[in-house]
Every structure is written in C-alpha cells, then in structure tokens.
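J.: These are the residues of each chain, in order.
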Amino acid sequence: MMRHTAWTRHSAAGSLVASLASVGAFALLASLIIPPHSPLPPALTGTAFAAGMTVNGLGAPSNPKITEPWNRFHDVDATVALLQSLERAHPGLAEWIDLGRSYEDRPIVGLAITNEATGKASEKPAMYIDGNIHGNEVQAAEVVLYTAWYLLETYGEIDRITKLLDEKAFYLVPTVNPDGRDHWFHDPSNPHLSRGGRIPTDNDLDGRFDEDGPDDLDGDGQITHMRIRDPWGRHEPDPEFPDELTQEVLRDEKGTYRLLGWEGYDNDGDGEVDEDGPGGYDPNRDWPWQWQPMSIQGGARDYPFSLPSTRAVGDFAKSHPNIAGAQSFHNAGGMILRGPGQESGPVAREDEEILAYIGRRGEEMLPFYKSWITWKDLYTVWGGEFEWFYGALGAFAFTNELWTNDNLYRREEEEGQEGRRDRAAFRRDMLMGDGFTPWTEFDHPDYGKVEIGGSPKTFGRVPPAFLIQEELHRNMAFTLYHAECMPLVKIADATVEDAGRGLRRLVVTVENQGVLPTRSAHDVENGITPPAVVSVRGADVVAAGIRKDPYRREMTWQEVRPERLLVPAIPGLERVVVEFLVLGGGNATIEVSSTKAGSDQKSLRVG
Amino acid sequence: MRGAVGVLAGLWSALLPGSRFRRERARVPGEEYPDAKTIASRLEKAAGSSNGLVRIETIGKNAAQQSLSVVRIGTGDPASPAVLVVAGLDGRHLHGIELALRHIEAFAADPKHARDVLDGGTLYVVPTLLPYASQSVTQRPARERATAPGAGDLDKDMERNEDMADDLDGDDVLRWVRVADSGGAYRTEEAEPGILHPADRNAGESGAWRLLTEGLDDDGDRRWNEEMDGGVLLAQNFPFRYEWFARNTGAHQVSEPETRALMDFVVMHPEIGIVLTYGFEDNLLQPWPEQKSSDPSLTGPGWGRKPVEAPNKNDLPIFREFSDRYLEAVGLSDAKGGLGVGGFVTDVRAEDELPIPAADDAAKGGFAASAYFHRGLVALSTPVWTPGVQLARLDAAEAAAKKAGGKDAKDGKNEREDGGKGDEDGGAADGGAGDGADGAANATADDASAPADSGDEATSTAGRDAPTADADADADDAAKELPKSVKDEARYLAWLREVDPAAWKDWAPFDHPDFPGRQVEVGGYAPLARIVPPLSVLDETFAGHQTFLEGLFAARPEIVLLSASLTEREGGVYALEFETQNVGYVPDVLAQGVFSRIVRPTRFEITLPKGAEMLGGTTRGPLERLRGEGTAVRTTRLLRLPGKEGVEVTVIAQHGGSDSRRVTPGENWRRP
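In order, the protein sequence lines correspond to chains A and B.
Numbers given in this note's numbering equal positions in the first sequence, counted from 1, plus 237.
Numbers given in this note's numbering equal positions in the second sequence, counted from 1, plus 2.
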C-alpha cells in the first residue's frame, strides 16, 4: 500500500480530535478508548492550536489515532492506559496480552501486534521486546511503547511496516518490573535507585529486611548526594563549575570536602548508612540459563524464576515458541549487547556470526552505540534475561543499553572529571540550567552539618526531553530490522514428475525468506524446537528425502514416516529442495511448518 | 504401542503347558511399599497419636492438584534450629519414602523421647514429592518410573508417547530385551550367561548383546520405547550443576511445582541448617573424597567469582565425619567400599532407559547438592540401600557367623568373591520372599534351575544363569576367573532370588518382529529389583538411620553466652564484655555458608537502659564465625550507664538458636 499524503489539516485540539465531528463524538470515542478505571490518558490531552497547516516530517505516522509527544516518561498506570488506548484504537492489529502480576501486584502486560487477517500472532515468527527489567531504567519501557505506537499507527501507511505485520508478529511488554518503575516515579529516588524488585531482602544479613535505605533528608523528592566540609577531605569544588561539581584533589594536596554517599541515616544503628534499602536483588539475574546463586552472581535470588515477574515473562515466552527474535531494553551506556554473558557461555559460531552482523547494523543506526559481547566487552553476567531467550528458547536475542552521554555533544565524552564538566556544561547550555539540585546545608544526626545536592533522577541515565524521541526511534528501528531478519518459510516451487511404475516425484523447494535460519545452530544442536516439517496430504507417500545439493538428485532419505519429512534447518535467504515419491494421483496439499518460521501450503494436482 | 503383540504374547503364555488359564497377578518387587492412600493414612495416624507433636502441613500442590505434605515434628519455632528430611524425589526410591515415614512414626510413638531429642528444635520431614510413586509397580504391566508427569517427546520428533514399552511376554512385568549383537554394549561370561556386564572396548573386549527395554519400536525410528518415563526427574531439577537439555531434567531448574514447593519451603525456613536426603545423591555411604575440595575467598565482591563444584576444604572434614557416623550407625563401618550406586548391577542400562545415577551424576541438579553448594547448609544424602550395601551386609553376616563358628580367617578372606548364601542373621531371607502371591515363591537359592516365576515361561536359554549359594567346587573355580563385577552381581543375584524370586526372570527366547531371524531374549530384573530392597531389609536398617537422624540434633550448632560482665571504670564508664560460644559440633555457619552470602553470621544485640550511652561501637553487629566444639569469641563495648540498671545481651544464630542475658553493673557472670 502506498503511503498516505503527509499533508494533514488540523482544526483544533490535536490530531486525534481532528477526525471527529463534534465534542460529543470525542466524548464517545474517549469512553471507548479510555478504560473506566483509568484517568484520562496523557495521550489524549493534546494542546489546542489555531487553524493552519502542518507538514509532517518523514518516517512518522501522518495521522495517528493516538497522539503522544514522546518527550516524557510514563508511570505504570500511564503505561497501561496508553497500551489500552492503542489496543482499542487498532482492533485487528493489537491484542492485549496479560503475562501476570508483580510482587506488589502490578500488572505485567503488553500487546501482541500483527495483522490478524493474515494469521494469528502465535502462527507467525514473533519478535519479543520488553524493557525496564531494572526499574530505574525508565526509557526502556518508552521504547517498547513507542514501538507499539509506531507499528500500529503506520500500518497501511509505510510499506515496510505493513509487510512486517502481515508476515510477522510482535509481543511488546513495556515494563517487566512495574514495581521498580513505579517506586522510581513516585518515591524519592535518583538515577540509580529502584533498580530491582520490592521483595523485602536482608542485604546486610543482620536479620532485618530493608531497614536502612536512603532517606530524602531535604524533602525535595530526590535522593542526591551528601558531602561534608572537611579539611582532611579528598575533594574540593571544581574550578569550572564550583557550584555543582567537586573534584578529587591530587595526592599531595589537601581537600575541603569529603563525599558521604547518598542521602540517608544509619536507620538501624549498625554503623552503616543506606546498606539495606528496599529490595536489593536483580531481576536480570533470575533467569535460568547459566544461572548462578548469590555467591557467584550478586543480585541473584534463591533459584531461577523465583520472582513472580520474571516467572510470568518466562511462562509467556515458554508458551510462545514462535518467538524467533528477542530484545530487552536497559540503560545506560549505548551498547548493543549479545551473549554469552560468561566466558564459558555457549554460543554457536554460526549464530555468533549472525548476531555480530545484526549488531554491526545496529551500530550504524545508533550513533555512538557499540556492538559488544557481554562478558568480553562489559562484564560477566550469570542468569541474564536475553541470554535465556537465546540459550533456552533458541531465539536470537539482544540487549540494548539505552542512552550514552556521547549524544550530549555528539562526540565521545571524556573520561572522569572532563566528562562531568561536559555534563555540567550541557545542563547550563542546553537544559537552561535544569538538571541539578544545588547544594544546601542540612543538620545530619550522624555526621553533623552536611551539604546535600546533585543530579536529579532524570539526568544521567535517560535522555533530556528533546532527545527522547530520537533515542526511542533509533532503537526501535534496530529492532524492526532484527524482526525483518526473522526466518519465514515459503513454498517457492512445487512440481510433479513421472517417476515410472505408477510413482510420481513431487519436487518441492522450500525457501527461508528471512536472514536468520529457521533454527539457530544452538537450537539444532540441543533440540530446543523441532525441525521444520514438510508434509504431503492427499497422496500416498512412499519415500521422502532432502536433496544434499539443490542442483543434483543426491538424496538423504528419511527412513520412517515419509509423509512427514523433517528438515533440521534452512539457512537465511536459502532454500532446501525436498522430494516425495507418491503413488497414485489426485489433488495433494503440501505444507511446510516451522516453529519459529511460520508455515505455508500449496495445493497441486499429482498426476 | 502395538497392543496386539502383547495380547497374543499373553495368550500364548497362558496356553503353555502348566499355566493357569486365569493367571494370578504376578508379584513385583516393591509393590509392598505404600501407595498414596497408605502414605496419607499413616501420616494422619502418626499425627493423631502424637499428642500434638506431629503436624501435617502442605507445601504446595503438584500438577494434578494433589497436596504435597511436610510433616512438622516439634515446635516449629522459627528461632530454633531445624533439620529437614526429604525423600521421594525419584519415583524409584520407594525405600526412602518408607524410611521417612518410619521416622515420623517413631517420633510420634514416643513424644517424650522426641521432645528430648529435638530440644526445642523442629524436625521437618517431606516424605515424598511423588506420593503416587509406587503405582509404577502396583499397576500392570509393572515398570520403573522415576519422574513426575511432564512434557514427554523425549526423542523430539513432535510426537508424545508414541513409543512406549510393551509387555512382550505377557507376564505383566516390563523387563529387558537382549539381542545377540557383536556391536552391543554388553557381554556375558560362560559361567554366568545371564549376567550382562559392559564390554571393555579399551581392553579389546567385544560386545555380545544389545540391551533394550521390553517392547517394540512402535514408531519405526530404530529406537525402542524411548518415550517411557517421559516426565521430569524431580531429583535432578534443582539448580546446582543443572544439566540443560538432558533427558528428563525439565525445561529449566526448579521448573516443576513440586521442586518449587520444596525450594520455597527451604527458603521460607531459614532456621533449617541440616538437610538429610534419601535418594541417589550420596555423601554418606560414599563420603566426599578427601582430595577434592575448593578454597575460594569467602569474602569480597560477588562479581568475578567462578562457580564452585567441590566442597570447601574447611567443610570437608565435617562431611566426612558425618559419613563415618552414618556408616557406624547403620552397621557398615567395616565395609570395604563399593557401597554406592554403580560398579555392578546398577551400571547396566538398556538403551533409552533412565540410568540409576551414581553419586556424581545424582548431584547434577540435585537437591542436597544445591542445599550445600548454593545455600550453605549441612546437606547429607544417602541412597540408604544399594546392591553394594547388601553385599557388605552379607560379608558382615558371614564374618560374624564364621567368627561364631570358629572358622579360620582363610575362609573369610575372599568373602566378596565366594558367592555368599543368604544368611539367617544379617540378610533379609526371612522377609519379603514368602509374602508374594507368585507361584514360585518357594524357589530357593538351593534350587538354581527352578524358574523364578510361575513356570508359565518358555524354557530359558540361560537357565543356569543364577549361581547358587551351594555352588559346587567347579563352579567356584570358574567363578574365580570372572570379572569382579560379574562375581559381585552373581552373588547379589543369588541373594535376591532367595529373598524374592519374582525379582529375576531367566532370559527366554522371543521372536521379536523388529529383529527377524535374530537371537532375542526377554528377561532379567524386575522393575526396582536393583534399586529397592525388600521391606524386611529396611526393618533391619531403620534403627541405625533413626539413630543417625537423632544424632544430627545433637550435632547441630548451639550458640550460648559463655560469660558476660559489666566492669566499672572511672567516670561512670563501664566495660561490657561477653563471650559467645558454639557448644555444638557443626559450625554456626559453614565455610560454604559464608561463601553463599545467604546464611547470616551469628550476631549480637545489646539493649541499653534508658539514658545509657554507647561510647564507641555499635549496639548490634555480626560475630566472627564460630566453629563447633566450644569455639568462643569475645566482644567488648564501652558504655556509660545512668544508674544501676543493667544491659541485656542477646546472641542470635540462624542455625544455632539464640541466648540472652541481662547483666547488671559490677556483675561478672560465667556459665556454670
């Protein structure tokens, strides 16, 4: 389908309302879209502007049913409301998926997106995408929301998207750690807090649970830093940004400040400050593949899938073996990570070549992002999520660490103090001074007079407002490319030849239109999913086999059940030629079916 | 399953001369073990008669929504140490379940004694996660079944249960099929043609027999009965050294409702410091070897560590000591090794048959191994009984008999190889055999040529395959040339046939449609005959196991305050000093417990009177690790007191209980 014109005339109250005839119609639509228990979704609260004309930029929906500025972050309620709006606005493309509940009983939900007219999502190769397994990594959920919005709003407008949803499916789950996410939004926090879940945990092994977390001493809703004036301290105000930064003094210098860590008290009288805050474990160390306990992998809990949230996602993924590609979004650092997470972790050579290729394409789409192998280039991870999708489910999987400070000034940021000055300059020049809580004095019961100040939670790990949509779009583009690479089986050709003595030879070419193989080498090696099946109905099959060479009739015959020929794997953009020797004539139907590469069928007359 | 074959075979056997038209139900070893209903009623009876000591609780449900029970014996006080006994993780290990039940019944029968033993602590017993396990041998045809119901499609051909075993000879028991094949994995010796042993290819031995489970290749894939026992093996579904993509280990670690229920129970009961598992895992019959240990740094960051697969060198002596105590308790101290699974009998495995795992294999995904390596608990495990244990018992009984009879030492030096007779003292000849309904229950070891079953079998081609206790001198000479594993198995088989004739069936020819024109025979061990002993054997060994279990309560860590004093210094300043001691045998935290970062260090808490002031130091904190047998640690604090009111000192150990004492100014208390 050709793309609609980019010219759209708006009259009032944003693009959604533009298509409505009256306020009454708006109310009616709103009642259909907005769930009764939810507040008016942010997506529907546009700003009216005067009559006139706008011209859409390229690569975006021309007339979206749901408008969203994509320069902000949504808490769990807002996330769910936006998903509901999208689902209701796009029947036939979006289907609600309910994976489960978190420890604190928040929903883990998403959308299955495909053109249902061309087949159910479960029957197509599927791309699973989630985000925000670390609660503080909030823009990770926004990428997934943006992807849902973009797919749904551009289907029928942009040919690549239309083809993608006609042939393939997406399972999009914005946040798999809704507890961590909501506490980051609603509690005093900082860029790094609320990473894990909320199950009370005795991190300091003193028999008490979560008894000494950070405290918002100055009541500004942020957990910033504490520093104390100290003539023996090792820090001093930065000469360039003395009101914001401190810098470490040289070895032969005396400083004026000592840094004391996050805001907080010694709540439990054990001499430590903030050593046992809420939660204290890592949901991204709870996945079975290459799982190790807490002694080996900090953040692991008692056994794999011991958390309700990860188990819910795991159960969903296990029951959807058509997932051929998987992506999880995190922050920060600007990385496209692939496995293994450990030096000893198994990744088949053929699979690594494909993953590396896709990763390199990602580097082109995502400025300053690096395509890395987790253990080798970052650090060792046991029991990580995306590795489980590869190792246990046979899906090609990546994790993107969203946002890099290189994007502040579009150049590689300096290490250390120079980098900190870059960020301070960016706050001053590009954020108009926003993004820093000035140091203020505070009488601390444990330390005496201290100063509290620093970056708010929305600076450092997430993009500033004007760069959010770019970050979301580029990362989505990477995952859509990955999704396009997913395997897709088609019967490219089927012919009948007379083989003599009443036998006919059915020669069938089955192609894989995707770049990825129908099964990863790791899958084939370990039998994670079954082989593709090429079957014949309506004819008496006496023998079946696969040509070793597509050009010559040198066959590997299948000894048993020839009517159901098993094809271990078809490489990307390749084909396999199979032959069936059949008796008699009549109409026959050939079908190819692959767990991760969809299915196809063709009818023809045999004799 | 090609059912018609089984029907015809049954009809054929029923029409044989001497057979009854209406066959009696064949007896199968193990069927005297309790079924789910009996287990439930025995637990209820024990609870009902225990004067409130024994309570049945539920830890979860299996996929069929059957409740999984844990039995609580004692207070259940989470502040007091607890021991956990677990059995029934492998459906074949019926004797572990029985032993667990007997522990419960023994404590219930004598609550006063139980309370003395528990000493304020709690014994938790999970008698089985597979309450229906014995169905495998009570149903017909009888079979071995180790797993919980699960996914199936073991051969990954997208068909489930399409090739199950078939009762080829119609005797209602699924055994083995052996096919004469020089490429086969097994061979026999002339003197023992019924006993299969692995061909040692490295030594130039050729095979003679291919060994299959009883049945047909129903799906034509040249594998036989590969879908049998297609569920998940709970015993190998735990996290330590979990084996991905292995047969029966499940989708991932702790993937099953049963294993999750057990793990959650352990997590919810941090007071459990000692775990005793009855199953194929083993560090009691076969202690962990002295040479294999680990020595990782116990402190430092969690990242960068490597998985540890050998016991910590500081813990190893403790586990070896427990093994010694166990062997002594169950009367096996004098055994010459070979007690564990493997080595003979249990290492024979038909193609696509679930193995009987030796200790190292059983530890892969094992519950006890996970409890020690991942959670830092004292995790002990024993198969309880094995063919090797039985031979050791025969050795001991013979030695005792010879000693009593004044025989000289010369006769005794080759006990293992001699082919012992089931003895009257230490053996179990007086129990199980006579209970069966089988027509051949009167067969004895003296009657080597008697068919082991009811007589409705074809003539065996290996009719002399069971050596007898009274084998003549020629046979003895021949036996001396046999490989040790064959000699051991011959001796085991002789004992087994004596105590339970139904446990073995002589190989009989069978015209197998999958092997036309080939020599094929059906026979061998009955299900569980290599795994589960007759109940009478448990009668003998139970007391030793009960003694060992009770000894675990005595050995547990026990943390006490050894001394406490408040000594006045100048200016109203007092020095508070107290000593904390572990009077138990087990350390308050194993080295692996420290490494695990799960087991809490023993800690102190000081409660000050109003107006008191600590002059440095905290009122609470961790103590150094307290190794057992009287290790003590001293803690000192300076404080200012407003008057004569004292301070309270409390020490708390996760696995060793707690102690508390109020000390008044000037007091210098020491535990009497």
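Just so you know, the hints here were simulated from the structure itself, not pulled from any lab data.
The C-beta atom is built at its ideal place from N, Cα and C for all residues, glycine as well.
Each hint should be verified, as a subset may be incorrect.
Stated by the list, open to error - Okay, derived cross-link-like pairs now, DSSO-like style, lysine-lysine, Cα gap no bigger than 27 Å in a straight line:
1. B:K366 to A:K357
2. B:K114 to A:K555
3. B:K158 to A:K727
Said to hold, decoys possible - Covered stretches of chain B, as calculated for chain A (at least 3 residues, CB under 8 Å):
4. 82 to 96
5. 211 to 225
6. 247 to 259
7. 285 to 295
J.: The structure should be examined with respect to each hint, and the outcome stated for every one.
T.: Against the structure, the hints:
no., hint, verdict
1, B:K366 to A:K357, "violated, 40 Å"
2, B:K114 to A:K555, "violated, 51 Å"
3, B:K158 to A:K727, "holds, 23 Å"
4, 82 to 96, "violated (count 0)"
5, 211 to 225, "holds (count 4)"
6, 247 to 259, "holds (count 6)"
7, 285 to 295, "violated (count 0)"
Of the hints listed earlier, those the structure fails to meet are numbers 1, 2, 4 and 7, in rising order.
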